[in-house]
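K.L.:
So the chains spell out like this:
Protein chains: 2
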Amino acid sequence: MKKLINDPQNVVLESVRGFALAHPEHVAVHEDPMFVARAEKKEDGKVALISGGGSGHEPLHAGFVGYGMLDAAVPGAVFTSPTPDPILAATQDVDRGAGVLHIVKNYTGDVLNFETAAELAEAEDIKVTSVIVNDDVAVEDSLYTAGRRGVAGTMLVEKIAGAAAERGDDLEAVTAIAQRVIDNVRSMGVALSACTVPHAGTPSFDLAEDEVEIGIGIHGEPGRHRIPMATADEITDQLVDPILKDLNLTSGEKTVVFVNGMGGTPLSELYIVYGRVAKRLKDLGVDVTRSLVGSYITSLEMQGCSVTILRADDEMIDLYDAPVNTVAYRKGM
Amino acid sequence: MKKLINDPQNVVLESVRGFALAHPEHVAVHEDPMFVARAEKKEDGKVALISGGGSGHEPLHAGFVGYGMLDAAVPGAVFTSPTPDPILAATQDVDRGAGVLHIVKNYTGDVLNFETAAELAEAEDIKVTSVIVNDDVAVEDSLYTAGRRGVAGTMLVEKIAGAAAERGDDLEAVTAIAQRVIDNVRSMGVALSACTVPHAGTPSFDLAEDEVEIGIGIHGEPGRHRIPMATADEITDQLVDPILKDLNLTSGEKTVVFVNGMGGTPLSELYIVYGRVAKRLKDLGVDVTRSLVGSYITSLEMQGCSVTILRADDEMIDLYDAPVNTVAYRKGM
Numbered sequence: 001m002k003k004l005i006n007d008p009q010n011v012v013l014e015s016v017r018g019f020a021l022a023h024p025e026h027v028a029v030h031e032d033p034m035f036v037a038r039a040e041k042k043e044d045g046k047v048a049l050i051s052g053g054g055s056g057h058e059p060l061h062a063g064f065v066g067y068g069m070l071d072a073a074v075p076g077a078v079f080t081s082p083t084p085d086p087i088l089a090a091t092q093d094v095d096r097g098a099g100v101l102h103i104v105k106n107y108t109g110d111v112l113n114f115e116t117a118a119e120l121a122e123a124e125d126i127k128v129t130s131v132i133v134n135d136d137v138a139v140e141d142s143l144y145t146a147g148r149r150g151v152a153g154t155m156l157v158e159k160i161a162g163a164a165a166e167r168g169d170d171l172e173a174v175t176a177i178a179q180r181v182i183d184n185v186r187s188m189g190v191a192l193s194a195c196t197v198p199h200a201g202t203p204s205f206d207l208a209e210d211e212v213e214i215g216i217g218i219h220g221e222p223g224r225h226r227i228p229m230a231t232a233d234e235i236t237d238q239l240v241d242p243i244l245k246d247l248n249l250t251s252g253e254k255t256v257v258f259v260n261g262m263g264g265t266p267l268s269e270l271y272i273v274y275g276r277v278a279k280r281l282k283d284l285g286v287d288v289t290r291s292l293v294g295s296y297i298t299s300l301e302m303q304g305c306s307v308t309i310l311r312a313d314d315e316m317i318d319l320y321d322a323p324v325n326t327v328a329y330r331k332g333m
Numbered sequence: 001m002k003k004l005i006n007d008p009q010n011v012v013l014e015s016v017r018g019f020a021l022a023h024p025e026h027v028a029v030h031e032d033p034m035f036v037a038r039a040e041k042k043e044d045g046k047v048a049l050i051s052g053g054g055s056g057h058e059p060l061h062a063g064f065v066g067y068g069m070l071d072a073a074v075p076g077a078v079f080t081s082p083t084p085d086p087i088l089a090a091t092q093d094v095d096r097g098a099g100v101l102h103i104v105k106n107y108t109g110d111v112l113n114f115e116t117a118a119e120l121a122e123a124e125d126i127k128v129t130s131v132i133v134n135d136d137v138a139v140e141d142s143l144y145t146a147g148r149r150g151v152a153g154t155m156l157v158e159k160i161a162g163a164a165a166e167r168g169d170d171l172e173a174v175t176a177i178a179q180r181v182i183d184n185v186r187s188m189g190v191a192l193s194a195c196t197v198p199h200a201g202t203p204s205f206d207l208a209e210d211e212v213e214i215g216i217g218i219h220g221e222p223g224r225h226r227i228p229m230a231t232a233d234e235i236t237d238q239l240v241d242p243i244l245k246d247l248n249l250t251s252g253e254k255t256v257v258f259v260n261g262m263g264g265t266p267l268s269e270l271y272i273v274y275g276r277v278a279k280r281l282k283d284l285g286v287d288v289t290r291s292l293v294g295s296y297i298t299s300l301e302m303q304g305c306s307v308t309i310l311r312a313d314d315e316m317i318d319l320y321d322a323p324v325n326t327v328a329y330r331k332g333m
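Top to bottom, those sequences are chains E and F.
According to the UniProt record's numbering, the first sequence is numbered sequentially starting from 1.
According to the UniProt record's numbering, the second sequence is numbered sequentially starting from 1.
Derived by calculation from the structure, the hints in this document are not laboratory data.
This one's a predicted model, so the numbers in the text were calculated from it and none came from an experiment.
Be aware that one or more of the hints could be misleading.
Which copy? The list can't say, so a pair holds if one copy fits it or any two copies do.
Under the rule of at most 30 angstroms between Cα atoms (straight-line distance), these lysine-lysine pairs were calculated in the DSSO-like manner [said to hold, decoys possible]:
hint : residue 1 : residue 2
1    : K41       : K279
2    : K41       : K254
3    : K331      : K42
4    : K245      : K279
5    : K46       : K282
6    : K331      : K254
7    : K279      : K46
8    : K127      : K46
9    : K282      : K2
10   : K41       : K331
Looking at chain E on its own, in the form it has when it is part of the complex (with noise of 0.2 angstroms):
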């Protein structure tokens, strides 16, 4: 195993460290228990949002705290939900009276995790409200979920929901337009190589020089089917097609399109990946009212991509063009 880290065991508390250092004007970082929270906090009551999982995804989720998405991440140990420890007390930590929505990615452990911290803090007179984040059309159960897998979608749901809050819904209010988003991202991704978790020291799974896998899960779980090697048209094609047919898009419908890179993918394929994207939406006259292209919801050193497309209406593209000033995504301020 070839990573630039220290103790396999201590990888997420350096990375947070280095994070924190890094970005003082953006976020605070509590270590114990270990959550990453806005550097400055308002009193004014907006909604918070939360969001967290297992780490090895980055930029998410900590990348995406600040104005205009989340209040406060709240990273596990690599491909592990935190314990309900952490989520309580960041919940308890960005409170500010308008109540706390979390946000969660249809994980077994991060949905019970979440819950239970939900729970506790209503027990604090707190309000909390939760969303599922299930985007991924690739299979109804896997290694780690019942339903469908929450991915890339889910930093469509923290944009838009987040400048819902930003702009002063309630609590209601965001919890709804998290979940229009829910209702309307799809998402499928493929795997080009494996990744390797730093205290298993192996990659997660093997794939052949002449393979890739398509459907990959955010953590290397099996998708539907490994292929041989294929063009980028291809490839593509693969991952839109399940996604056309569970969203049922018609002409003249608007969208977000996000093509997103897995970690170990450069930049370059993913504009390819986009551009075929872009066609077969333009083939069907849906409209691509915005894209996103780069790595945000990673896999550690995966080399693959996914393709997300929300249906947007307009009140979903004017929040998605909201401001936003994070460490990973900024726009407009």
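Keeping the supplied structure of chain E fixed, place chain F upon it in accordance with the hints.
P.N.:
Same frame as chain E, now just chain F:
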């Protein structure tokens, strides 16, 4: 070779087309000869900045075209200098009478082809100045270079000189500040794995499972030496020591610190490296005034990173902080 590409000969064209499709609000792409310019051109006589070079280092340079940085980028084939033609065409396109600064990384092909383009432009009465970025302290001469190579420090040159042009500095002043950054910026990199140029199809060098190359170039050119795999702290020290020796920083001086990913290294690992660099500078009493962590100047899917340190004066910090709005780097707007 596993890559999300269609035709190895067509990688740059398809990628740049996807980039143009994804970001029409930021860039306009000219295909023949190929260069990437700002979507909206100013007519106000601002000094224009152009950079370019072989592709495979994305988001450098096209990702930095926009307000506050470059006016145009000229991408060559992968790891291959663009010819004078597109450089000349870009120079003609962006000149508004105030002249054009060419920011050139110190590789023999880039230097020659930018020089030829500058002579051709001057024959058309376009004022052109050039600066040569040579921040890599690893080696004096290399496979592609006489003198030091230009690596990640280039981004800081583009950012700071770009801000100077935006505030209205004339060509002489913009060139002078670019040169002042070059005189005070030093970098060194490490590779944990090689990368594969698409049209070559095989890795550009071999690195054993238990060794890393210290002082690697951004095209996989040999560095100083190979060492057995070591901890992040030990490897970081091998990058920081030569930089410190060369820069001769003293207590109380201000710096911008930039930890850059080579393309295949997780962000979490870059933050571990950043933590070590920050500690080393703190121990010396050097002020890390600003910091930047991310994969901005890559070598395709290479695993590894580079450390860049800029000895910064107050004017440089102000220009570094100035608003920028490009596809790959935004702040303050």
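K.L.:
Now tell me, hint by hint, if it's right for this structure.
P.N.:
Hint check:
1. K41 with K279: between (43 angstroms within a copy, 27 angstroms between copies)
2. K41 with K254: between (35 angstroms within a copy, 28 angstroms between copies)
3. K331 with K42: Intra 20 angstroms, inter 21 angstroms, cutoff 30 angstroms: intra and inter.
4. K245 with K279: Intra 16 angstroms, inter 52 angstroms, cutoff 30 angstroms: intra-copy only.
5. K46 with K282: Classified as neither: same-chain Cα gap 39 angstroms, cross-chain 37 angstroms, threshold 30 angstroms.
6. K331 with K254: both (21 angstroms within a copy, 28 angstroms between copies)
7. K279 with K46: neither (40 angstroms within a copy, 36 angstroms between copies)
8. K127 with K46: Intra 13 angstroms, inter 53 angstroms, cutoff 30 angstroms: intra-copy only.
9. K282 with K2: between (42 angstroms within a copy, 28 angstroms between copies)
10. K41 with K331: both (20 angstroms within a copy, 20 angstroms between copies)
Taken one by one, the earlier hints fail for this structure at numbers 5, 7, listed in ascending order.
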